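Asks: Below are the chains, spelled out letter by letter.
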Amino acid sequence: MSDQLKKKLKLKVSAINNGTVIDHIPSENLFKVISILGLQKVKTQITFGANFESEKLGSKAIIKLSDVFFEDDEINKISLIARNAKLNIIRDYEVVEKRVVEVPDKVIGIVKCFNPKCITNNEEITTYFTVISKNPLDLKCKYCEKITHEHQMVIK
Amino acid sequence: MKKRDLISITDYSKEDYLRILELAADFEKNPNQRLLEGKVVASLFFEPSTRTRLSFETAINRLGGRIIGFSDAGSSSVSKGETLHDTTKMVSNYVDLIVMRHPLEGSARYAAEVADVPVINAGDGANQHPTQTLLDMYSILKTQGTLDNINIFMIGDLKYGRTVHSLLMAMSEFENPIFNFIAPEELAMPEEYKLFLKEKGIRYFEHSEINENINHADIIYMTRVQKERFMDPIEYEKVKNVYILRNSMLKNTKPNMRILHPLPRVNEIHPDVDDNEKAYYFEQARNGVYARQAIISHILKLK
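From first to last, the protein sequence lines are chains G and R. Residue 121 in this note's numbering is what sits at position 121 of the first sequence, and the numbering runs on without skipping anything. Residue 218 in this note's numbering is what sits at position 218 of the second sequence, and the numbering runs on without skipping anything.
The set of hints was computed from the structure by calculation and includes no laboratory data. Nothing here was measured: the structure is a model prediction, and the numbers come from that model. Careful: at least some of the hints might be erroneous.
To be verified - Capping the alpha-carbon separation at 30 Å, the derived lysine-lysine pairs in BS3-like fashion look like this: (1) R:Lys238 with R:Lys200; (2) R:Lys278 with G:Lys117; (3) G:Lys140 with R:Lys3; (4) G:Lys32 with G:Lys142; (5) R:Lys240 with G:Lys112; (6) G:Lys140 with R:Lys159; (7) R:Lys89 with G:Lys106; (8) R:Lys238 with G:Lys140; (9) R:Lys194 with G:Lys106; (10) R:Lys198 with G:Lys134; (11) R:Lys198 with G:Lys146; (12) G:Lys142 with G:Lys98; (13) G:Lys142 with R:Lys80; (14) G:Lys32 with G:Lys112; (15) G:Lys43 with G:Lys117; (16) R:Lys240 with G:Lys117; (17) G:Lys43 with G:Lys112; (18) R:Lys39 with G:Lys112; (19) R:Lys89 with R:Lys39; (20) G:Lys117 with R:Lys254; (21) R:Lys254 with R:Lys278; (22) R:Lys2 with G:Lys142; (23) R:Lys278 with G:Lys106; (24) G:Lys112 with G:Lys140; (25) R:Lys80 with G:Lys134; (26) R:Lys2 with G:Lys146; (27) G:Lys142 with G:Lys117; (28) R:Lys227 with G:Lys146; (29) G:Lys56 with G:Lys134; (30) G:Lys142 with G:Lys112; (31) G:Lys106 with R:Lys2; (32) R:Lys198 with G:Lys142; (33) G:Lys140 with R:Lys194; (34) R:Lys2 with R:Lys39; (35) R:Lys240 with G:Lys146; (36) G:Lys156 with R:Lys240; (37) R:Lys39 with G:Lys117; (38) R:Lys254 with G:Lys134; (39) R:Lys89 with R:Lys3; (40) G:Lys156 with G:Lys43.
Based on the sequences and whatever the hints tell you, model everything.
Replies: Printed below as a string of structure tokens:
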């Protein structure tokens, strides 16, 4: 059997008619991605799986969403924890568009400021960061003006 | 119309600085100008800071304004558990301007978002204290006659000292400044500020001790080396006496050189410096009232 055919067969197992497939999510961040995108509130059919083999990531997770499509702003939120995520937009069982996620210029909510003395860690306030470097990721807090580096990043 | 807060020194442009310094000179000549007559200012000090509070309240009084507020969180509704959001929202209904000091970083920026009236940051934790920077600039301008071509020596805690960071940013807007940093390794000027200077093509030098290099200085800006900043108390003991400025060190310094310090000082400036005409730190504190009158007038467009 050719690789192409194998791939096709594999895909067909849980192919969706219309919707979005988010691929190449690091397995350990699957549930964070679900939470960031608010998928727990989605009413249409969702399939997700983790710990698939991946050459790039070692282990990857995948989410298939029927009849759900994302705006760039929305999907780019996951770029912080799924840097290499790829989106396949499906219409009538065919991939009609492929997209990669991009780190946005502003990160609103999602990430905690690393500074324990920041007001955002002491009162109910939505965090707000300006991305000052995308690789490695450096986020400057609008409030305390301190920089949260990638290795200090905690998802809210 | 967008309200004009002063939260961080970088909120202001060079034009704003120059306007405020011009106004400060005017208030120094004529301190009692009742431009705030009929207006109420909130002075919200969530942590005590006697010097800053009295300086602001003097400025407001000299402008003829009324003051409401508190001088520490214990005597406010905060002790009942009220959030900063609610306190700010409530006070903002009563007054024309809020002056705020708070121990948490970013609190002033947040209060400015919540309040309908302008907010002046009188210190938010270790983050920003922009009115101190403006009074430092006014002191430099007054003693040097210009803010261009100034050689500034910053000595002491350059890592956590918010005043040196803000002064560095503000002075970088002027022509050809030179910075010299003298600090123990643990309290050295952070990389991000050195990078900022490099990117702007501004010269800076680092030294590990106070020596004859200070003879090039136009301004010596002293800060306190605080014991609690050191992880290892032995390290503190090693450096605590290295960064003390003594009168004998000033013999060959430039005649125009002046020593600034945000105060309170502990032992980093020996009392034998106080009588030297180059000691400027007490006058510097007096300039704070004029600078704050100027800032209030600028923000409320009183002049």
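Asks: Of all the hints given earlier, name the ones this structure violates by number, lowest first.
Replies: Hint check: 1, 2, 5, 8, 12, 15, 18, 20, 23, 25, 36, 37 and 38 fail, others pass.
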